[in-house]
Amino acid sequence: MTAGVRADTAAAALPPRNLPGLDPSWSRIVDVPGAELDAGLTRQWHCVDTADALARLGAPVTGTILAVHGNPTWSYLWRRLAAESLRAAEAGEQAWRVVAVDQLEMGCSERTGRHRPLPQRVADLSALTDALALEGPVVTLGHDWGGVISLGWAIDHPERLAAVALLNTAVHHPAGTPIPAPLRLAGARGVLAASTVATPAFLDTTLALASPPLAPEVKAAFRAPYRAADRRAGIGGFVADIPVDSSHESFAELERIAAGVAGLTVPALMLWGPNDPVFGDRYLDDLIDRLPHADVHRFEGAGHLIAEDRPYAPALLDWLARSRDASSLRDGAPRPAAARTPQVARPQAARPQAARPQVEERAPQAHASRDQAREPFTPLWRALEARAADDATAVIDMATRGRAPRRVSWRQLDARVRDIAAGLTRMGVRRGDRVSLLVPPGPTLTAVLYACLRIGAVVVVADAGLGVKGLTRAVRGSWPDVVIGGRPGLAAARALGWPGIRISAERLPRAAELALGVSCSIRDVADLGAGAELPPEPGPGDDAAILFTSGSTGPAKGVVYTHGQLAALRDVLGEHLGIAPDTGLVTGFAPFALLGPALGTLSATPDMDVSAPRTLTATAVAAAVTASGAGIVFLSPAAILNVVDTADALTHDDRAALARVHTFLSTGAPIGAPMLRAVARLMPNATPHTPYGMTECLLVADITLEGVTAAAAAPDTGVCVGTPIGQNRVLVSALDADGRATGAPSDEPGVLGEIVISAPHLKSHYDRLHLTDVAATRGTPRGRGPGRTPALGSRQRPERASALSSTARWHRTGDIGHLDRAGRLWIEGRIQHVIVAASGPLAPVGPEQQVESADAVRRAAVVGVGPHGLRQAVAVVEAIPAARRPGLADPALTAAVRATTELPLAAVLVVPQLPTDVRHNSKIDRSRLSDWAERTLAGEKPGKP
Amino acid sequence: MIVLATGASGFLGRAVAAELVAAGHEVRTLQRRPSGVPGMTDVLGSVTDASAVERAVDGVEGVVHLAAKVSLAGDPDDFRRVNVEGTRTLLDAAALAGVTRFVQVSSPSVAHLGASLAGVGAAPASPEHARGDYARTKAESELLALDRDGAGMHVVAVRPHIVWGPGDTQLIERVVERARRGRVPLLNGGTALIDTTYVDNAASGIVAALRRAEQAHGSAYVITNGEPRPVGDLLAGICLAAGVRPPHLSLPAALGRAAGSLVERVWAIPGVAARAGGDEPPMTRFLAEQLSTAHWFDQRATRRDLDWAPTVSIDEGLRRLAAHYATP
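Sequence lines, in order, name chains E and D.
Residue numbers 1 to 945, in the numbering used here, belong to the letters of the first sequence in order.
Residue numbers 1 to 328, in the numbering used here, belong to the letters of the second sequence in order.
Just so you know, the hints here were simulated from the structure itself, not pulled from any lab data.
Backbone N, C-alpha and C fix where the C-beta goes; we use that ideal spot for every residue, glycine too.
Heads up, incomplete: computed chain D residues facing chain E, CB under 10 Å, no partners named: (1) Ala-118; (2) Gly-119; (3) Thr-293.
Please put together the full structure from these sequences, using the hints given.
Right, dumping it as structure tokens:
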């Protein structure tokens, strides 16, 4: 005994027979010849082992999943994997044997009375697998400290190793970072014995981390082997074994494993619950650095007990099946020697692509490289470099709070970009490092953005529209190395503990720098970089940017673009609108404002509060057009509303300036014909466009006012968003009777289904959302599906000849709609808003438009109530005049609404105001409304939706 | 075939008898008063009278059992005598007489436990949980009937939900009468979504059960229009059809249920009901629950197994109701 924890001995025993989810027939006791400290002794282990159950099924065994629990759980943690793997085997899918051990001193295994530091635990596990004569292929799976031990086994058994999978764990503790508070507390002398052994407090704390909370009988099952203090010695031993510094007895072994992991080339999967007070995103980020080829999924909202919180078992088995299909899990495959150390293993830059066994499978980067290889790649900063000696204006910032507009020449902008790029490089920012930009749009943001792109740093762009909570999730989820922000952004970073070195956009007084934890200002960075060398340019396949989705459908997702894809976006925008160096852009919509320098044309931001587009006035737009001479104006829908409302203030000169605009775009969300017409009256010579796109593909289709007018005469339901832009392809994956998009994507007109798109500027992948990537590319040539989850499997339609080209990258948008005979795309809602009635699936937008045609209806939403497959359609309307309180519509309004549509409506409800999502303010929150209608029509008192 | 319909003098019973005649069956009826339906043979008597029942089932192939004590209040023994013992007597006699098809007309309330039901199928009848004497005794009788299902006699239970139409004195007349006096409150704004059945659809569904007894026997089926509507919508539709002002007063549902419980206790005091003119109590807890919780049903199995679909929509039914009230 090396740690002063008293412990008794006890033989292994089978777990109680009535634990929920654990089949007693899976349990076995294994006699294992001891290793190291235990040499010459025999130790008894309890294991959950599905070998016998598989034999009874007669399924040929694919391989073994060796599952290692952490502290203070036991093999009970893996019961769902055991059950799910047997279910899969029984269904004729792959048959993975699950061997889930109870480590010695833990669970139902033997209490030996010995302290077992990390090297001993790794040796113990090897001794067990030797005793079981476990052959390959083996997939290791570990959670918490079990993750480290499982990886120790993995690097020691390369010949049997097929893959590694990890749930919330860590292999390395960064020097200088304090260990997480809960563990520091638990490890403090005296507290150790008290909290982990004498009382079940540590166990109880861990079990309380589950979200949603564990059922009492499940908690009781986790506690079952740890009822008395003498049963808990192992828990204390584990806590004492946390190597807080290099003097610790387990430190060297941890370092050995951490380094060894970086040499692993087998497929790796990490499933993570970010709300973990111990193994948070910091450790995930460290593991991604070591295993850059890993497939990673962060389950937003889940915590430490991810195995209890989320369906990890189907996710793991599905991943194994897909990896196996791609023949990437080869038993005993020769492992290319990849001599990498974590110090040089930058996520993107040093990624040894040739050594990765599943390039075909994963490959967003690899594909992008190949796509771009066919055409010469012109990086975003090239146009800027080309005008480096030009004193003409590149950027005009009118939002200077009453001061004169700020003009920056091409020469100045180029120099600024170079200085910042070189300065960041001298500070140690490297290709693949993530830089979060919390800077308001304007010349500083433009310069910082291009500087980051130039050196290959990945910019993380999450806007304030997500709200503080959404922004925190976004920034923590992407785990930036550097945060560059204005004061509000930095204050939030400081207060909310966002990761990353902080750099201020403006120079701050020293006291403010200290208060905000700021290292330096952008000007300091530029000074540092003045005249310094720039690093080599990143390539088209390197990650360039992470943009966040609106979060209107669940937590915001990070969308990763490569340099090649951003360049393609620039090209498609330039070609579609015929942008030349002398065109000039006025833009009240950030993403496009930033493309001005890449297009080599002047861009001007009008005077407005950029975080509140509704503050933009017609006068401000006219002033920006006058100052820039721009021919193209981009505005967001919210801004357009106010611009139209403030048109009365325009002077004669303002109107003359606006008359010079030849193109107008509503960007962000499609707008209706009346609003487009109103803008057309302000800019009488402009062609109004309202393109359709999303964060994952900013420009998909486009329609002009003329097109909208023509579409109004068509019999189709939905919103017509025009035809695909440039080389984009748009197909529809038909909905089946159950409302799932299982049809092979096709261009057949009139078929309702999920919109599936392909474009050169389509995103690369989602950030750390592997399962979302799988879902978004399901059933497409380069997709990860179809998987074996019930949602995708058996009930697929007979495959039609697929219209998917096999070389393009495709994306399922989650939007539903149809194509018409003229090739125009009509949007009819989101797939999660499809109402699956007994008669089949119904899209909401068409009926909503019909209901809105009633005179007494201002706005309408059509939602479903009742069980899936039997839903009843209900119209929820804002009436004219507005209802004072929510409730049933009066008989006259009900009759009028029913008369507008052939869709049978179970009820017509009125609300004073329909709920809309925070960011867009125009998108009706149908999910929330559906829940509200469900409650109200169940007979609850109608509250506020 | 020769079919016996019990309770044929009631609102639904008359419609069923007429539907049977229209389907070409030779129809015999059993009830205390003449059925008043032309083209059929009346046997006068109660289902509680074994000798009348024996006479009624003699030579019959199919039975449609509708007779029941339907009320919101009353002597619990009366409910038991008619609904449970009457059904037992009829089943016994039918089995002896060689009846091959038996349709037990039941009620969704046999499985309505007071909670909201949305899109559910026909749950098993539950006498121990059913609310009130009517529902409890109907639950028992449905279980009795289905228990007799076998090779000799195919038993099907059908549960038409809230049957209405012109000439209905149970629901429509009461709603209209009370609305006229301004005494129909909506509970929680009348938003609870409920299924109802236009009388012609209920009748055709019941006759379909007789026709399909071979395929559907041993099971219970809820029969509705398959058009759930908010209570408030339906009450307004009925009032408008009858030319009276729709209800506009809303009470909190909890208050309605509490008031219902209180009224039930007061009504149970001997003589109170009589002094109130023999009327049903104005509100019972059961009624309050019916009016303030959703209860609508999955009709897929009913329509598939009975090979039946409603032919009169709610809107059409309301038009017929309006025409009925418009006729002097």
